[in-house]
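Colleague: In the order they appear, the protein sequences are chains A and B.
Heads up: the first sequence runs through residues 820 to 1226, numbered per the numbering used here.
Heads up: the second sequence runs through residues 820 to 1226, numbered per the numbering used here.
Check each hint, because a few of them may be wrong.
It does not matter which identical chain is used: a pair holds within one copy or between any two.
Once the Cα atoms are required to be at most 25 Å apart in a straight line, the calculated DSS-like pairs of lysine-lysine come out as [unchecked claim]: (1) Lys1092 <-> Lys861; (2) Lys1088 <-> Lys861; (3) Lys861 <-> Lys1074.
Everything labelled a hint here was simulated from the structure, so no lab data went into it.
Remember, predicted model here, so these are calculated numbers, not experimental data.
Number of protein chains: 2
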Amino acid sequence: MRDVAIVGVGHSKFGNRFDLRIDELAWEAASEALKDASLSAKDMEFVVVGCSGGWSAESLPAVICSEYCGTLPKGSMRVEAACATSSAAVAVAYNLVASGYVDLVLTLGVEKMHESPNPVQIEFIGRAGNYFWEFENFGMTFPGYYALHATSYMWKHGLKEEDLAEIAVKNHHYASKNPKAQFTKEISVETVMQSRYVAWPLKLFDCCPLTDGSAALILAAEDVAKKITDTPVWINGIGAATGTGNLSRRDMHLKLEYSGLESAVYAAKQAYKQAGITYNNAAKHLDVASVHDCFTIAELMAYEDLGFCGRGEGLKLVREKQTYNGGLIPVNLDGGLKAKGHPIGATGTSMIYSLTKQLRQEYGKIGGKEAQATIRKGRAVAHNIGGTGHYAYVTVLSLEKPQSGSG
Amino acid sequence: MRDVAIVGVGHSKFGNRFDLRIDELAWEAASEALKDASLSAKDMEFVVVGCSGGWSAESLPAVICSEYCGTLPKGSMRVEAACATSSAAVAVAYNLVASGYVDLVLTLGVEKMHESPNPVQIEFIGRAGNYFWEFENFGMTFPGYYALHATSYMWKHGLKEEDLAEIAVKNHHYASKNPKAQFTKEISVETVMQSRYVAWPLKLFDCCPLTDGSAALILAAEDVAKKITDTPVWINGIGAATGTGNLSRRDMHLKLEYSGLESAVYAAKQAYKQAGITYNNAAKHLDVASVHDCFTIAELMAYEDLGFCGRGEGLKLVREKQTYNGGLIPVNLDGGLKAKGHPIGATGTSMIYSLTKQLRQEYGKIGGKEAQATIRKGRAVAHNIGGTGHYAYVTVLSLEKPQSGSG
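Looking at chain A on its own, in the form it has when it is part of the complex:
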């Protein structure tokens, strides 16, 4: 297994991007990544496009984005894993390089969610559970699933709606400093509490928005990476797991009683094992994290699923503001899905973009000094969920090369 590094990153402005076609939006991120790595599109040997698809009228987004970015005739494909789509694309790109098949891969995450030509696709998120059983029979939709997680957590650990609001406040706070974020205004606990219910106890300000956006990463083999950059960010571990599509089977293994995501626990343990990090108290090995906060409750569960703290202790992290910068483990210093935005296919690469900038200590140039984590351990983790734990991808990044043979 060859070691693989991220040698270039780019990120579009997130938000309503009616100004660009999907291929132009992809180029906004890809061009920045190429510039960051001082490479040209012709240097790319493969293009992996994360795009959940169906939102755009273009049926073959990987082709038109590759073409617009100038990588033809190099091979390409589209990868999909619901909202974890571009973390899956990173896993593909990582293995294309780690195997020795190619040396340089452009990994593009891109989604345009505001111009679906297609009524069924507008239901897409609602259907992204177990369609025939839960959607058709019970009318379960996405906020409903996460509302169940929230009520379970309330019952078990005394979570209050105001605690969830604090997570939204934090993420809007950091988004307000990130010029690439969709939402740029600070909010207060009152803003959240006064917003309308979407699915009790989740209110509008507990939910992430629909977003257009893109983020790009260039992955390189060790020998090549060292020629390109003095600050390669190594991929030290990738964990991937799949969760049942059927709510009634969710508690089969880990007995989380619906206040955590089994798949995320599996993926975290796998990624940590590969990276040589212990699961219990994982936070002590890490400087910063990006977690999948599609709803505020999802961020809270992620703290525990990632082993930052024990079950029920995530609430304490929120109340003590331990996931602000300077706390035990700073989380979503770019604003997260909640406020930076959540363009499904671009979210994974966007997380890794932010963490790469953090590890290189360049994030301050984007989000200001207050949002640059202190880098002591040289490690960061991205936690990207598809569906309601149907997919989980956890990626560990490091300034240190993987231990030989383990990477």
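Got chain A; can you put chain B on it based on the hints?
Modeller: What follows is chain B alone, placed relative to chain A:
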């Protein structure tokens, strides 16, 4: 790079499969592959699902198929490359194993095309070119693109409609012997010639059908493969290329004047290079081929794009019946897309299923003695196209392990 072998293969009945849901259809192939390898679902370490998606009401086919096949909580993802979808999935699975990330991967191709819930998806194939430019402005659809290829070939090399009909006759002949094929009746040149025009000069019987179906492959690392089977079929080369979505740019590089697919030539050369096969007269290195005959003209172009013969000489192969079994290079002995059927996401894995059976000299048990190629060189090639050359994936299989370090 670790060597990778196919150690188990399975294939569903192709056709109108209203009798099964998509996950049940996936299991029809996966269960056969697991049985073939004497493995259980729990042995799988990752699942890569090729599914072009959108045809089924299920938004997350990789999750529900993985769950039904019993592989949870192992990681999974969906891969898409239009009609080359499951060849791209094989490329992903191959690299997951070659890198050392995992040892055993279930690669599933599956598609249900007869129950799209979605009017836009019924247009999907029509849109699978350059949507905004060619579909919207000129009304180009899929048969139209391939009709242009046919007229170009007619103009350059004296191709007649009857020659194309001969390709359909061959593929229906072999499909009639394949119990898993969609079409089971022999046809004559007259059948084709008397069928109605779809896009001149292509008639109904020059076109492949819409199909429901699945095919599964289990890929294993060398050490593991040798414990599982005495007849591993090695992946010796994978070529992948991307073609422009814009017709007017198609002749930029190789000057094929629209009677070949540039991307297929690139992909073939890459796969052959990896496998140590020379491109010119490649047929002499190979026992059997599966090529992408979505239209009869596509098979003819494939002969030349794969280097089986020079430009314009494919026609001679047709007229001399050199692509029947016993000829220079037997092609589509399972009936091809044309008559076996073309369930988009399952076509690549279906090709590799047939070729694996051929190389193991077990295909006769399926399609009869007449359809079992003579295996002398121990090598076969699969040629899988997405869109109209937007994607090209070429895979070389062999009874011999790749040369050390080249594999």
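Colleague: Against each hint, give a clear statement of whether it holds in the structure.
Modeller: For each hint, the structure was consulted:
no.: 1; hint: Lys1092 <-> Lys861; result: between (36 Å within a copy, 20 Å between copies)
no.: 2; hint: Lys1088 <-> Lys861; result: between (37 Å within a copy, 18 Å between copies)
no.: 3; hint: Lys861 <-> Lys1074; result: between (50 Å within a copy, 20 Å between copies)
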